[in-house]
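Residue 96 in this note's numbering is what sits at position 96 of the sequence shown, and the numbering runs on without skipping anything.
There may be inaccurate statements among the hints.
[Unchecked claim] Capping the alpha-carbon separation at 25 angstroms, the derived lysine to any residue pairs in SDA-like fashion look like this:
{"no.": "1", "residue 1": "98", "residue 2": "10"}
{"no.": "2", "residue 1": "87", "residue 2": "11"}
{"no.": "3", "residue 1": "130", "residue 2": "141"}
{"no.": "4", "residue 1": "14", "residue 2": "27"}
{"no.": "5", "residue 1": "98", "residue 2": "51"}
{"no.": "6", "residue 1": "96", "residue 2": "7"}
{"no.": "7", "residue 1": "54", "residue 2": "87"}
{"no.": "8", "residue 1": "141", "residue 2": "108"}
{"no.": "9", "residue 1": "14", "residue 2": "104"}
{"no.": "10", "residue 1": "96", "residue 2": "42"}
{"no.": "11", "residue 1": "136", "residue 2": "71"}
{"no.": "12", "residue 1": "98", "residue 2": "86"}
{"no.": "13", "residue 1": "54", "residue 2": "89"}
{"no.": "14", "residue 1": "141", "residue 2": "46"}
{"no.": "15", "residue 1": "140", "residue 2": "102"}
{"no.": "16", "residue 1": "54", "residue 2": "35"}
{"no.": "17", "residue 1": "98", "residue 2": "11"}
{"no.": "18", "residue 1": "87", "residue 2": "117"}
{"no.": "19", "residue 1": "54", "residue 2": "21"}
{"no.": "20", "residue 1": "87", "residue 2": "37"}
{"no.": "21", "residue 1": "14", "residue 2": "108"}
{"no.": "22", "residue 1": "140", "residue 2": "50"}
{"no.": "23", "residue 1": "87", "residue 2": "21"}
{"no.": "24", "residue 1": "3", "residue 2": "59"}
{"no.": "25", "residue 1": "141", "residue 2": "87"}
{"no.": "26", "residue 1": "136", "residue 2": "146"}
{"no.": "27", "residue 1": "140", "residue 2": "14"}
{"no.": "28", "residue 1": "96", "residue 2": "54"}
{"no.": "29", "residue 1": "136", "residue 2": "67"}
{"no.": "30", "residue 1": "98", "residue 2": "122"}
{"no.": "31", "residue 1": "141", "residue 2": "106"}
{"no.": "32", "residue 1": "130", "residue 2": "145"}
{"no.": "33", "residue 1": "136", "residue 2": "84"}
{"no.": "34", "residue 1": "141", "residue 2": "40"}
{"no.": "35", "residue 1": "14", "residue 2": "79"}
{"no.": "36", "residue 1": "3", "residue 2": "24"}
Quick caveat, the hints were computed from the structure, so don't treat them as lab data.
All values reported here derive from a predicted model rather than from experimental measurement.
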Amino acid sequence: MNKVIINSYEEFEKMVGQQIGVSDYVELSQERINLFADATLDHQWIHVDVERAKTDTPYQSTIAHGYLTLSMLPYLWNQIIEVNNLKMMINYGIDKMKFGQAVLSGQSIRLVASLHSLTNLRGVAKAEIKFAIEIKDQPKKALDGIAVFLYYFE
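All chains should be built: construct the whole structure from the sequences, respecting the hints.
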């Protein structure tokens, strides 16, 4: 699917209720997991101790931090959509987010997103994006929810 280009609130509004797009897959490698552990100071063994995870977890592998998976949302979102003519865009919040399945080290994830709603708040577009982070070749989602962004059009 091609990247969606939005140049105005009116163009964005036409997308309400529609799927915006699907990103490419990105691998959550052990190196990325370790770097996230270092950045967040979350070195729980289930994420970073490869040998112990092989024997002491039902996954037989380390798993990505749930918040690492979530933190990939902006990168994957930018693969799907480009919103032009902005002063700025702000992450406003996440509603109804739920982790569904652990992402094992080395698995790949992608984003599937649709525009749930769009509200004009005195010139600021409040976009509620229904999203799912899917794991390649797995039936259950890693997580899903509604991301809320504020777009300040020029």
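Straight-line alpha-carbon gap residue 140 to residue 14, limit 25 angstroms
Since the Cα atoms of residue 140 and residue 14 sit roughly 30 angstroms apart, the hinted pair is violated (cutoff 25 angstroms).
Holds or violated: are the alpha carbons of residue 87 and residue 37 at most 25 angstroms from each other?
Judged against 25 angstroms, a Cα distance of about 33 angstroms means the pair is violated.
Quickly compare the C-alpha distance for residue 140 and residue 50 to 25 angstroms and report which way the hint goes.
Holds, because 24 angstroms separates the two Cα atoms, which is no more than 25 angstroms.
Is residue 136 close enough to residue 84, meaning Cα to Cα at most 25 angstroms?
Roughly 31 angstroms between the alpha carbons, so the hint for residue 136 and residue 84 is violated.
25 angstroms Cα cutoff - pair residue 130, residue 145
Satisfied, since the Cα-Cα distance of roughly 6 angstroms is no more than 25 angstroms.
Hint check: residue 98 vs residue 10, CA-CA at most 25 angstroms. Holds or violated?
violated, 31 angstroms
Take a quick look at whether residue 98 and residue 86 sit within 25 angstroms of each other, Cα to Cα.
Violated. Residue 98 to residue 86 sits at ~30 angstroms, over the 25 angstroms cutoff.
Taken at face value, is the distance from the CA of residue 141 to the CA of residue 130 at most 25 angstroms?
holds, 13 angstroms
Holds or violated: residue 136 with residue 67, Cα cutoff 25 angstroms?
holds, 18 angstroms
Need the status of pair residue 87, residue 21: alpha-carbon distance at most 25 angstroms?
holds, 24 angstroms
Do the alpha carbons of residue 14 and residue 27 lie within 25 angstroms of each other, as the hint requires?
violated, 32 angstroms
Residue 96 and residue 54: Cα distance at most 25 angstroms?
violated, 32 angstroms
The structure shown violates the earlier hints numbered 1, 4, 5, 6, 7, 9, 12, 13, 17, 19, 20, 21, 24, 25, 27, 28, 30 and 33.
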